[in-house]
Amino acid sequence: MSDFTALEPILLIADPKIIAIPVIDNQEPMIDLIYHPGISYGPSPEIPNNTDYTKMRKTIYEKLKNAQSLLPTGLRLCLYECYRSLTLQKSLFDTRHEKVKKKHPEWSAEQIFTETTRMVSPVINQDGSPNIPPHSTGAAIDVYLIDEQGEAIEMGIHPKDWMNDLDGSLSLTASEIITEEAKKNRKIMSQVLEAVGFVNYGNEYWHWSYGDRYWAYYKQKPYAFYDRYK
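Residue numbers for the sequence shown, in the working numbering: 1073 to 1302.
In case anyone wonders, no lab produced these hints; they're calculated from the structure. Please note that the accuracy of each hint is not assured.
[As the list claims (entries may be wrong)] Computed list of lysine-lysine pairs in PhoX-like fashion (alpha-carbon distance at most 20 Å, straight line): (1) LYS1232 <-> LYS1089; (2) LYS1127 <-> LYS1174; (3) LYS1291 <-> LYS1302.
[Claimed, not checked] What follows is a set of in silico ranges between Cβ atoms, one per label pair, in the way DEER data are often shown: (4) LYS1089 <-> ASP1233: 39 to 47 Å; (5) SER1141 <-> LYS1089: 27 to 35 Å; (6) THR1159 <-> GLY1200: 24 to 32 Å; (7) GLU1223 <-> ASP1199: 40 to 48 Å; (8) THR1251 <-> PRO1120: 28 to 36 Å; (9) ILE1106 <-> ASN1197: 31 to 39 Å; (10) GLU1170 <-> ARG1148: 34 to 42 Å; (11) SER1112 <-> PRO1088: 14 to 22 Å; (12) GLU1178 <-> GLU1134: 44 to 52 Å; (13) GLU1100 <-> ASN1236: 28 to 36 Å; (14) GLU1178 <-> SER1112: 42 to 50 Å.
Note that CB positions come from ideal geometry on N, CA and C, so glycine has one too.
Input sequences plus hints: build the corresponding full structure.
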């Protein structure tokens, strides 16, 4: 298995180059991990009683199982979140936007918006056009590693704490301020996910996708084949 190589430079999740990618949805159905064994998942993320986060496109599920089979003995993948409704997406964006605005009151509206998109995709682009947030496609996953007891291993920061990482320095896949153990574990996870075709969003070690616009851009595909799931 080849070493994981970070994508440089990191394009923001809603960069004009990304949102310009055409989308032709392949109509693939979603599955729910609750009814499909093989991949562990954590508690309800972001909000209580979230009933969407374990849902994903069927191919994503198959690829996750394939990636997990490549892990060293004793390690497993754990899903933090996959599908996310537009309502929740907007709420998370707005919350992050307010945090950035409070931290940088001297910034322009454009600067605040752009910085917010470093960690969360907008539902509406800055020009007013509708966006397709990766999680709304059911093709973007947030994952981390767990041990045989189901406990999260050292990854530098748990995905659940992303909102508190205001400068994004811990979440960055290639972060230099995390422990050597965390770097090693991120590399292990990255290698198996890359091996089955996922693409990482370099600002978040846990965020991987296949078939969405971010994936299409880095794989130099003419279009993405997962649109917002309806």
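So the hint says 27 to 35 Å: do the beta-carbon atoms of SER1141 and LYS1089 match that? Given range 27 to 35 Å: holds, Cβ gap about 34 Å.
Given the hint that LYS1291 pairs with LYS1302, test it: the Cα-Cα distance must not exceed 20 Å. The hint is violated at about 25 Å.
State, for the Cβ atoms of LYS1089 and ASP1233, whether the hinted interval 39 to 47 Å holds or is violated. violated, 29 Å
May I ask you to test the hint 24 to 32 Å on the CB atoms belonging to THR1159 and GLY1200? About 19 Å separates the Cβ atoms of THR1159 and GLY1200, which means 24 to 32 Å is violated.
When you take the CB atoms of ILE1106 and ASN1197, is the distance between them in 31 to 39 Å? Holds: the Cβ-Cβ distance is about 33 Å, inside 31 to 39 Å.
Holds or violated: LYS1127 with LYS1174, Cα cutoff 20 Å? violated, 34 Å
Falls inside 14 to 22 Å, the C-beta gap from SER1112 to PRO1088? Given a distance of about 37 Å, which is not inside 14 to 22 Å, the answer is violated.
Within 34 to 42 Å or not, the Cβ separation of GLU1170 and ARG1148? Because 36 Å falls inside the window, the suggested range holds.
Assuming the hint says 40 to 48 Å, is it satisfied by the Cβ distance from GLU1223 to ASP1199 or not? At roughly 44 Å between Cβ atoms, ASP1199 and GLU1223 fall inside 40 to 48 Å, so the hint holds.
Would you say the C-beta atoms of GLU1100 and ASN1236 sit inside 28 to 36 Å of each other? About 35 Å separates the Cβ atoms of GLU1100 and ASN1236, which means 28 to 36 Å holds.
Is it true that the C-beta distance of GLU1178 to SER1112 lies inside 42 to 50 Å, as the hint says? The hinted range 42 to 50 Å holds for GLU1178 and SER1112, with Cβ atoms some 44 Å apart.
Does LYS1232 pair with LYS1089 here, judged by a C-alpha cut-off of 20 Å? The hint is violated at about 28 Å.
Taken one by one, the earlier hints fail for this structure at numbers 1, 2, 3, 4, 6 and 11, listed in ascending order.
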